[in-house]
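Residue numbers (my numbering), protein chains in the order written: chain A, 1 to 317; chain B, 1 to 101; chain C, 1 to 697; chain D, 1 to 209.
Keep in mind that the hints were calculated from the coordinates and are not lab data. Hints are supplied without guarantee of correctness; some may be wrong.
[Unchecked claim] One side only, chain B facing chain C, incomplete, derived with CB under 10 Å:
no. : residue
1   : R11
2   : L14
3   : I76
4   : L77
5   : F78
6   : T79
7   : L81
8   : L83
9   : W92
10  : I93
11  : M94
12  : N96
13  : A98
14  : M101
From the three backbone atoms N, C-alpha and C, an ideal C-beta is built for every residue, glycine too.
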Amino acid sequence: MSVRQISRILPGALALALTGCTGSGDSFLQPGGPIAAAQRTELFQIFGWTMIAILPVFVLVPLLLWRYRYRNAKARYTPDWDRSAILEVLMWGVPLVIVVVLSAQLYRTTHALDPVQPLASENPPLRVQVVGLDWKWLFLYPDLGIATVNELAFPVETSVALDLTTDTVMQSFLISALAGQIYAMPGMRTRLHILADAPGSFEGENTQFNGTGFPAQRFAARAMSAADFDAWVAQVRADGQPLTEASYALLAESSTGAQAQARLGAEGMAPGVLHFSTVEGDLFHSILHRYMHGNPVPPSAQPGAVGYAPETAEQTR
Amino acid sequence: MSDPDHRSEARLYLAGFGLALTLTLVPFGLVHWGLMQGKALAITIAVLAVAQIVVHLRFFLHIDLSRQKREDLQLILFTVLLLGIMAFGTLWIMGNLATRM
Amino acid sequence: MTDPIFGRLDLSSLSVWRAFQDPSLSELIGAGAAMAVILGALATLALLTWIRLWGPLWRDWLTSVDHKRIGIMYCALALIMLARGVIEGVLMRTQQAFGLHGGFLTPDHFSELFSTHGTIMIFFVAMPFIAGVINYVMPLQIGARDMAFPVMNQISLGLTATGAALVMISLVLGEFSTGGWANYPPYTGADFQPGPGPDYWIWSIVLAGIGTTLSGINFAVTIYKERAPGMHFLRMPIFCWTVICTSIIMIFALPPLTVAALMLAADRYLDFHFFTNDLGGNMMNYVNLFWLFGHPEVYLLVIPAYGVFSEVISTYSGKRIYGYMSMVYATMSIAVLSFCVWLHHFFTMGQSANINAAFGIASMAIAVPTGVKIYNWLATIFRGRVRMTVPMIYATGFFYLFVIGGLTGVMLANPVISYQVHNTLFLVAHFHNVIIPGVLFGLLAGYHYWFPKAFGFRLHEGWGRAAALLWIVGFSFTFLPLYWLGLQGMPRRSASFGDPSFQPMLWLALFGGMLILAALGSLMLQLWVSIRNRVQLAVPLGDPWNGRSLEWSIPSPPPAYNFALLPQVLDRDDFAEAKASGRAYAEPAVYEDIEMPDNTAIGMIVCVCSTLMGLALVFWIWWLAVLSLGVMVVSLIGRTFRTDLSHVIPAAQIAAEHRAWLARVRAAPAVDRLAETHDRNRGRAMPERPFAAGAAE
Amino acid sequence: MSGSNLHPGLNLGARHGSAHEGAETVVFGFWIFLMSDLVIFGLVFASYLTVANPLGMAGGPGPADAFDLRSIFVQTMILLTSSLTFGFATLALRHEKGRTVIAGWLGVTLLLGLAFLTLELRDFAHMIEVGAVPQRSGFWSAFWGLVPLHGLHVALGCLWIAVMLAQMALLGLVPVVKTRLLRLGLFWHFLDLIWVAIFSIVYLGGLMP
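With the hints as extra help, turn the sequences into a complete structure.
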């Protein structure tokens with residue numbers, strides 16, 4: 001069996017073993033889309049290749065320690081032996097070859113899985129703008145005119161193009177079962193593409209600590225059939241409230257999804273979720289540009305800041 | 001200033017001063033009178049600055065590559081290497097991020 | 001706004017007062033910790049007064065410029081801070097084990113815990129421990145009388161102690177940052193954390209960092225200029241090579257941290273816009289600068305630990321280190337490569353695939369020299385005669401666990417994987433997996449190995465074995481489950497979580513944390529038992545392990561001047577060769593006077609003044625900041641006007657001491673390695689060659 | 001120079017005996033310190049370059065609004081001349097021309113250093129007047145983090161010269177004073193090196209047509 005074959009079979013076996021014991025479907029070990037699946041494969045391939053260098057250590061340590069224990073007078077003792085050309089070549093050569101192989105693979109997959117690239121799909125792509133707030137995620141659907149908090153719905157087998165920023169401190173956006181994470185930062189726009197193969201609900205989260213409500217900053221990424229998605233859009237339009245400058249100012253206060261529900265009088269929705277039927281103006285770009293304008297953003301106008309008071313800071317918007 | 005060693009060493013300092021002076025006057029003149037523009041000017045300024053740094057190292061700090069003990073030479077070159085990695089890396093990364101966001 | 005005398009320091013800064021106002025469990029734990037600090041300090045002061053140790057403490061320790069005593073003080077500082085760090089770690093594991101939808105700590109308290117835990121463990125445990133071991137061992141190994149700059153060495157220690165003191169004071173006054181040990185803005189900017197927390201972080205890091213940079217300069221110059229005659233670079237023990245590499249990192253990787261932290265300070269104090277959200281600030285550059293320091297930093301920590309393992313494995317295998325040149329090249333290439341990989345800490349910031357790939361490949365490249373080192377150690381064991389002493393138990397644990405850390409390191413070096421597991425518990429598991437088995441096990445092995453050199457008696461073997469096994473097993477239980485949780489997407493720094501399936505693994509991790517607590521307890525008990533049995537454990541003749549390098553050729557503990565006459569080095573592993581060829585323990589023909597630097601209080605002045613300055617800056621007490629800086633500068637400059645700062649030890653005294661010791665060595669029976677850990681071992685080793693040579697073929 | 005160079009840069013020379021021998025360690029140590037300091041400057045330069053663009057200036061004043069090329073030119077000339085005068089001081093030390101000559105050249109250097117600082121402070125005052133303050137934008141933050149950092153070094157250099165003048169008067173030219181003068185020389189020339197980078201990158205680069 002060639003090394004190549006081993007490296008193919010071993011990951012499969014490991015995948016079985018590992019996914020057998022996973023508890024929830026919110027990890028890339030149980031992928032819901034092509035990116036996460038490719039990331040899982042990559043993980044197992046690295047595992048397989050590095051084992052070539054690692055297994056000898058695992059095996060040799062006990063063998064050597066036992067064989068050359070002090071009381072074993074039968075073992076050979078060569079106190080001055082300290083070099084061997086063959087060993088030297090192996091010691092440098094084997095890790096080097098492994099790293100070269102892994103580097104080639106790394107270069108290929110890093111480019112292939114670059115989060116900026118749209119994903120191949122027959123359906124037209126969907127654009128979603130993501131705004132990280134203290135301690136919730138706001139999703140804007142610019143082509144549909146709706147918005148949600150802590151609920152990201154999208155049709156299956158569709159490339160979803162996410163533009164991300166935040167209106168507070170730095171955050172990191174991760175839906176593990178679909179794709180990797182990307183930072184979201186105020187005044188900057190990062191990009192990520194996701195695609196789900198089949199309907200399902202996947203957990204999304206912020207992984208960059210941003211204050212006391214951090215553990216609550218989770219949301220559901222819901223992949224649904226095209227028909228279900230249309231129905232969902234209609235429902236958001238029906239049960240949502242308009243997202244105005246005033247309601248955004250309330251929403252942007254440091255609060256978890258549940259607290260924001262109470263603040264905006266939207267109890268009765270799913271836990272932590274808010275729906276907005278309309279969005280006033282180009283909210284995403286006005287958030288983005290607020291930090292690029294050359295005007296100071298004092299704490300009173302800075303969501304997440306100590307002393308954020310949007311009522312008194314109207315003039316700076 | 002009677003002894004000859006002293007005089008020749010002082011002359012070296014004066015030579016360094018003259019070179020540094022020239023290498024300062026030229027870029028200031030270029031900018032002041034607007035004799036060159038854009039990229040060409042930027043490159044000229046950079047080249048003249050590096051030349052002047054070499055002049056300072058040679059004539060004022062007496063870094064003379066041929067006569068030093070190797071370990072001291074290594075220190076300076078090594079610093080330049082590491083600083084190069086850090087500064088170039090910073091500009092590369094931050095520049096790339098700026099164009100993408 | 002702020003008081004001209006007390007700045008922003010007021011009653012509510014006292015954590016005890018806060019607990020009095022709001023007696024929740026979380027505040028009570030905080031107040032309890034504050035009380036522990038205060039009472040501990042008072043008890044220490046009272047004890048010192050009661051047994052009248054102030055005089056000796058001041059004369060022999062605090063004002064000493066002896067590299068050996070400074071080294072011991074560094075290690076003592078590290079062990080005290082280790083206790084706090086471990087307790088905080090266990091507290092966090094407890095919180096998370098009960099953290100399904102809640103837990104008993106407030107999120108604020110939890111975030112303070114992970115911030116202080118990280119800061120303490122890196123800057124005030126690992127770094128001082130390393131600085132301590134290097135300080136003690138390196139000059140002895142190269143045959144030097146002291147560091148190149150003994151007074152600067154004392155000042156470095158003072159500045160490190162300042163940083164540690166500030167972190168300790170933050171328990172009592174105000175609160176520490178909640179931004180983690182990396183303290184990323186804008187979260188730590190004035191808008192989001194206007195309190196004193198991030199300022200504590202800034203000043204403790206900056207002041208200690210200056211101390212570390214000075215240490216690096218000191219180590220490098222000592223090795224370059226103070227080697228004994230004949231000690232060519234290629235005759236130095238591997239440990240000294242690792243010190244060169246580490247000091248390179250101290251000299252060149254601390255500046256980015258200083259720059260980043262001071263820029264953050266400018267943002268917070270003077271309303272600059274380096275890293276703010278608005279007005280053209282660029283927080284990404286902080287991340288960039290921090291990791292320009294942060295990545296070399298972990299190699300700063302682990303490279304000397306590699307050096308310790310090299311010494312330990314070679315000694316306890318009774319063999320030359322295998323592949324000396326390989327080791328040197330590997331260490332050097334790790335040191336240089338460590339400067340080329342910092343971006344892998346932020347693959348997910350949005351830069352192009354080309355940049356990610358370049359830094360990913362550079363990161364993986366470090367695995368090559370690291371792998372070479374591991375194989376070299378195995379080849380050193382091969383055809384040796386191995387004694388499974390405590391340091392070798394640590395080394396064995398290191399082999400297994402560190403290799404796992406290396407495997408996950410290669411995974412994290414891959415941007416594709418990093419996109420998934422970055423910022424999760426997988427990352428937490430990975431860096432604990434390199435830092436604990438790599439750095440801490442190495443340092444504890446070194447502690448065990450060199451303790452008899454420093455104090456003249458061995459550490460108790462049984463408790464040492466218990467501690468080592470508890471560390472290894474405890475580590476595995478604590479951190480291996482975190483890999484699984486990280487792969488499941490559990491983010492780091494979460495005070496609570498919502499997925500019940502995480503719970504079993506977190507309980508397992510808590511169990512491991514308890515074992516680590518027991519390991520820490522065993523270490524303390526071991527120290528206590530060893531001190532009580534110091535007469536049976538004494539090894540005054542200086543060579544309890546059949547050592548191979550110069551430090552074993554002198555008495556334990558060594559005299560202030562280290563070597564009666566600077567040794568003439570003829571070989572690599574010179575002392576082993578000397579013992580084999582019979583030239584060890586020779587009496588020099590002539591003894592000479594030795595000039596040694598005088599004790600000085602300058603290090604303590606710097607320590608006290610900079611602590612006051614740091615505190616004053618944290619609480620905006622401007623007059624105190626200016627005053628303490630002024631006193632510090634004036635005393636430093638004032639000292640340079642004195643020229644009579646050394647004393648001479650007469651040759652006759654040295655001759656008498658050295659001859660007395662030599663006579664005891666010659667009179668003592670040499671013990672073989674089977675008796676190494678028995679009371680018979682007085683520090684005179686029997687060469688083991690004859691026994692093995694016949695049995696070999 | 002004689003063949004007995006123990007460290008890079010100007011050596012005292014063998015006739016200075018123990019001062020020459022002792023210089024090997026301390027000068028090497030000081031070189032390492034300077035290299036560490038160089039990394040600090042290098043990173044501050046790199047940070048400056050990352051914000052030297054319209055985004056970093058955030059609509060605030062740009063270099064052309066605040067820099068005065070003529071003043072910078074005068075400062076450059078002063079600093080360059082001070083390097084020369086310091087060089088003469090070191091030569092006088094090396095060739096044992098006596099305390100007065102050394103102190104004379106050091107005094108001239110000190111005056112030049114103070115003149116440089118005065119002009120620089122005047123420039124800073126002008127910048128504050130036109131609103132080029134660090135609170136205005138990331139660009140000006142980086143400028144105020146970089147150029148005054150060099151100014152602070154010059155001020156420390158001036159303090160150091162003053163201290164050395166006092167030590168020469170009180171202690172005479174003992175070995176430790178000689179090696180300190182040697183290191184002070186390295187420091188002073190190093191500052192001029194940094195200034196070359198500052199006037200090229202910050203001022204000329206900023207005022208390029």
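So, going through the hints one by one against the coordinates:
no.: 1; hint: R11; in the structure: violated (33 Å)
no.: 2; hint: L14; in the structure: violated (32 Å)
no.: 3; hint: I76; in the structure: violated (13 Å)
no.: 4; hint: L77; in the structure: violated (12 Å)
no.: 5; hint: F78; in the structure: holds (8 Å)
no.: 6; hint: T79; in the structure: holds (7 Å)
no.: 7; hint: L81; in the structure: holds (8 Å)
no.: 8; hint: L83; in the structure: holds (8 Å)
no.: 9; hint: W92; in the structure: holds (7 Å)
no.: 10; hint: I93; in the structure: holds (6 Å)
no.: 11; hint: M94; in the structure: holds (6 Å)
no.: 12; hint: N96; in the structure: holds (5 Å)
no.: 13; hint: A98; in the structure: holds (8 Å)
no.: 14; hint: M101; in the structure: holds (6 Å)
Comparing the model with each earlier hint shows violations of hints 1, 2, 3, 4; every other hint is respected.
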